[in-house]
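Undergrad: Please construct the entire structure, taking both the sequences and the accompanying hints into account.
Number of protein chains: 2
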Amino acid sequence: MTQPKIAFIGLGAMGGAIAANLIRAGFEVTLYNRTREKLSPLLAIGGHAAGSVEQACAEAEILVTMLADDSAEEAICLGAAGAVAHLREDALHISHSTIGVAAARRLAEAHEKAGQHFLSAPVFGRPDVAAAAKLSILTGGRPELVERAKPLFDAIGQRVFPMGDKPEAANIAKLGGNMLIATVIESLGEVLALAGKAGIDRAAYLDMLTSTIFTAPVYKIYGDLIVARKYEPAGLTAPLGLKDIKLALAAADELRVPLPIGSLLRDRLTALLAQGADQEDWSAMARLAARDAGLE
Amino acid sequence: MTQPKIAFIGLGAMGGAIAANLIRAGFEVTLYNRTREKLSPLLAIGGHAAGSVEQACAEAEILVTMLADDSAEEAICLGAAGAVAHLREDALHISHSTIGVAAARRLAEAHEKAGQHFLSAPVFGRPDVAAAAKLSILTGGRPELVERAKPLFDAIGQRVFPMGDKPEAANIAKLGGNMLIATVIESLGEVLALAGKAGIDRAAYLDMLTSTIFTAPVYKIYGDLIVARKYEPAGLTAPLGLKDIKLALAAADELRVPLPIGSLLRDRLTALLAQGADQEDWSAMARLAARDAGLE
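Chains E and P are the protein sequences, given in the same order.
Those letters in the first sequence? Residues 1 to 296, by the numbering used here.
Those letters in the second sequence? Residues 1 to 296, by the numbering used here.
Please note that a few of the clues may not be correct.
Stated by the list, open to error - Dumping the calculated DMTMM-like pairs for lysine to aspartate or glutamate here, alpha-carbon to alpha-carbon at most 25 Å: (1) 5(E) to 112(E); (2) 197(P) to 165(E); (3) 166(P) to 112(E); (4) 197(P) to 254(E); (5) 197(E) to 70(P); (6) 246(P) to 254(E).
Calculated from the structure, these hints are not laboratory results.
Source: prediction; values computed, not measured.
TA: In structure tokens, the structure reads:
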């Protein structure tokens with residue numbers, strides 16, 4: 001079986017690491033990115049450069065995207081200069097981007113109209129996990145599309161979690177997961193503010209929590225940032241974090257699912273941005289609980 | 001060094017398991033419980049029965065309590081028939097009960113006036129963890145009191161986490177931890193309602209979450225209960241859960257620390273009790289998110 005030819009668009013920290021693993025696994029990958037300087041390390045290991053979306057897609061059997069948000073994804077895919085217009089019939093678009101339900105549906109429809117296929121495949125894992133090819137991949141799409149994507153998934157991740165046949169199922173699953181992460185940040189921020197004001201050593205308290213009940217690395221990673229008040233450089237910026245919470249709430253609105261904690265997180269992140277935290281990590285949310293308590 | 005004589009009061013699921021481990025470790029333990037039938041298995045392994053608090057405390061150098069709430073703890077300790085009145089001078093009271101800041105202070109003061117000592121030592125771990133002598137023990141009290149309690153802690157737990165010299169530091173630390181557990185329940189309830197209404201298999205979704213980011217057992221344990229809608233028999237009943245959240249909020253009120261998630265949890269658990277869930281586990285809170293979404 002010959003390897004499918006791949007077009008890869010979106011070479012940020014995550015996309016760059018994923019593309020590198022595909023190239024190393026022997027795929028023929030043609031790369032496109034809005035800012036060209038991200039290409040060099042990938043060309044050095046065997047990737048091919050494209051000067052436009054059209055050029056990237058021309059020969060591709062599979063398009064992989066990893067873009068920041070709905071509008072970046074739609075800008076790349078839709079319209080006369082977009083991927084849908086330039087991919088061949090039967091091509092498969094695997095989208096690793098964390099996008100919303102409405103965007104996923106629009107993309108799926110556009111591809112279907114063009115005789116192409118769309119597989120939502122958002123991932124869990126930070127850039128170091130992507131570099132180690134240990135991403136967790138959620139899928140929304142029919143089993144045969146997941147099967148077709150499998151050689152690529154094998155090269156970039158450690159496990160695939162099918163969430164259903166509809167593309168948006170994977171997006172809702174991912175957005176729900178991100179809401180849970182934001183919940184960890186906010187709740188840690190609150191109890192660390194309480195502990196701090198009670199005169200308890202915050203680092204010792206966090207150590208107790210993460211050594212007993214809250215052993216998942218997410219508590220340690222974000223707890224350390226909160227204890228150190230170290231919110232830069234950002235892993236996920238506050239604006240992107242808010243974007244994800246709003247997408248979760250939009251999905252919940254459409255399905256009529258009240259999310260009291262989700263709504264609280266939206267307000268917290270909105271307040272954080274109102275205070276000028278655009279460049280900070282979304283864990284800076286914890287500063288609000290500390291400030292409210294008169295601690296900072 | 002001879003082992004100190006111990007009085008042990010409060011033989012529920014947790015207290016019974018802790019007392020058994022003290023007896024097995026060779027301590028001379030005199031037991032008192034409001035309902036006497038809890039004593040039999042402990043007498044069978046070498047415990048001594050007392051008919052009253054006074055009788056239990058008469059010879060004790062160390063009193064250990066594990067009681068349900070502030071009022072049970074104060075009823076046992078204060079007043080003419082209470083432990084403070086009947087313990088000898090220099091006796092140490094180790095309280096494993098999850099009590100509030102105000103109660104911890106009142107107990108510490110009463111013991112101090114009587115020339116005795118008080119060490120707050122709430123624990124993390126369910127009855128099976130207590131039975132395995134693997135509790136995590138938080139302490140609030142001066143280092144010499146923690147040192148004096150150490151032979152007992154060695155027999156019942158796996159690690160001691162000193163939270164400060166003031167007794168209430170340990171209680172605040174424990175209450176904050178319980179608030180984080182309740183946050184896990186509520187946030188899982190919300191995202192599982194969202195996933196369920198989106199047509200995602202809830203068990204598959206939970207498996208994805210607990211296999212990727214949320215690997216701490218607390219997510220799996222409560223997630224399984226929520227997916228199975230199995231809220232009885234209760235591990236921690238909803239009324240006791242609400243008690244803990246209210247104690248966290250009371251501590252936060254006194255210290256002037258707003259806790260938005262804490263307040264939300266109070267409302268959720270109050271609504272749960274309004275619907276008659278007194279015998280259910282506090283994870284039944286997740287039913288509210290499902291009901292709000294029209295799922296049950």
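Undergrad: If a hint holds in the structure, say so; if it doesn't, say that too.
TA: Verification of the hints:
no., hint, result
1, 5(E) to 112(E), "20 Å, holds"
2, 197(P) to 165(E), "15 Å, holds"
3, 166(P) to 112(E), "66 Å, violated"
4, 197(P) to 254(E), "10 Å, holds"
5, 197(E) to 70(P), "23 Å, holds"
6, 246(P) to 254(E), "34 Å, violated"
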